[in-house]
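Chemist: Sequence:
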Amino acid sequence: DIAIPTLKQLSLNQYSLFKENLIALIEMDNKVDLMEWCLQKIIFNHLDGHFFKFTQTRARYAHLNQLKKEVSVILSILAYTSQDDQSIVKQSFSAAANTLKFDGLQLVNKKDIGLADLNQSLKKLAQLKPLVKPKLLKACVIGITHDQIISPVEIELLRAFSDVIDCPLPPINSSSDTN
Numbered sequence: 007d008i009a010i011p012t013l014k015q016l017s018l019n020q021y022s023l024f025k026e027n028l029i030a031l032i033e034m035d036n037k038v039d040l041m042e043w044c045l046q047k048i049i050f051n052h053l054d055g056h057f058f059k060f061t062q063t064r065a066r067y068a069h070l071n072q073l074k075k076e077v078s079v080i081l082s083i084l085a086y087t088s089q090d091d092q093s094i095v096k097q098s099f100s101a102a103a104n105t106l107k108f109d110g111l112q113l114v115n116k117k118d119i120g121l122a123d124l125n126q127s128l129k130k131l132a133q134l135k136p137l138v139k140p141k142l143l144k145a146c147v148i149g150i151t152h153d154q155i156i157s158p159v160e161i162e163l164l165r166a167f168s169d170v171i172d173c174p175l176p177p178i179n180s181s182s183d184t185n
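Residues in the sequence shown are numbered from 7 upward in steps of one, following our numbering.
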């Protein structure tokens, strides 16, 4: 966050080199963990918009239930992030899913979720109407606070999700309620 204004002062060529170097550093160990993915998403989301003139993402979806698969992927990743206990993972996912008040959300098997799935899901979720996006982020907050342990990775994932779908983060505390 502190470096982004300074990075915006780079020339386009300098930014392209910076971007290539950051990607190379992240991929150097032949795997991308969630913290690295978050860092990359947050930085590139802020800077790509500055250096490349993108057209505004058009809102295509008026309801979260139109994107059940994508919502399931996002909530599942958050449920798995700081827990190995499958019963707690299921409880966290259920708590988050129940706040959305529609059926059809299912915990996606951890082995069946990759970063490509996460990227694709967020790309579609970014096309939600603006007033629907906070409902998704509130469900995410419920999911990460359900076990009353909020890890740094969960917070960074939430920040990355918030950045990508272009919606401010809701307040986060370990006693978040579902109202």
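Just so you know, the hints here were simulated from the structure itself, not pulled from any lab data. A virtual CB, placed ideally from N, CA and C, is assigned to each residue, including glycine. Treat the hints with care, since some could be wrong.
Stated by the list, open to error - Cut-off 20 Å, straight-line C-alpha distance, at most; resulting in silico cross-link-like pairs (DMTMM-like, lysine to aspartate or glutamate):
hint	residue 1	residue 2
1	96	109
2	144	91
3	74	123
4	25	54
5	129	162
Said to hold, decoys possible - The calculated label-pair distances, taken between Cβ atoms and stated as ranges, are:
hint	residue 1	residue 2	range
6	155	115	31 to 39 Å
7	13	71	32 to 40 Å
8	11	92	40 to 48 Å
9	94	58	36 to 44 Å
10	75	14	34 to 42 Å
11	55	31	20 to 28 Å
12	107	56	33 to 41 Å
13	11	75	32 to 40 Å
14	91	64	38 to 46 Å
Chemist: Hint by hint, work out which the structure violates, then give me just those numbers in ascending order.
Modeler: Structure breaks hints 2, 6.
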